[in-house]
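Work out the full structure: start from the sequences and follow the hints.
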Amino acid sequence: DGQTGRYVCLSHCWGKLDMIRTLSDNLEAHKRDITWKQLSKTFQDAIGFTRKLGIRYL
6 DGQTGRYVCL SHCWGKLDMI RTLSDNLEAH KRDITWKQLS KTFQDAIGFT RKLGIRYL
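Mind the numbering: the sequence shown is residues 6 to 63 in the working numbering, read in order.
No lab work stands behind these hints: they were computed from the structure.
Some hints here could point you the wrong way.
Unchecked claim - Pairs of lysine to any residue residues, derived as SDA-like cross-links and limited to a Cα-Cα distance of at most 20 Å, are as follows: (1) Lys57 to Thr47; (2) Lys36 to Lys57; (3) Lys21 to Lys36; (4) Lys21 to Phe48; (5) Lys57 to Asp6.
Right, dumping it as structure tokens:
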């Protein structure tokens, strides 16, 4: 649709930790809500940093 906007890109290694993932069986639930506590500290920090920069998309 031709829209443009600023975004931040995060490069992330998943490692061996059991982190929240969006799969076909939980896609609809994740579209509705992912709680802050479900996110890893890395993602929480990335979201906070992105917001401080005044950028909407990560």
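A quick look at each hint next to the structure:
1. Among the hinted pairs, Lys57 with Thr47 is consistent with the structure: their alpha-carbon atoms are about 15 Å apart, no more than 20 Å.
2. For the hint linking Lys36 to Lys57, the alpha-carbon distance of about 24 Å lies beyond 20 Å, and the restraint is violated.
3. Proposed proximity of Lys21 and Lys36 is contradicted: the alpha carbons are some 25 Å apart, above 20 Å.
4. Simply put, Lys21 and Phe48 have alpha-carbon atoms about 16 Å apart, close enough for the 20 Å limit, and the pair holds.
5. Taking the CA atoms of Lys57 and Asp6, the gap is near 28 Å; set against the 20 Å cutoff, the hint is violated.
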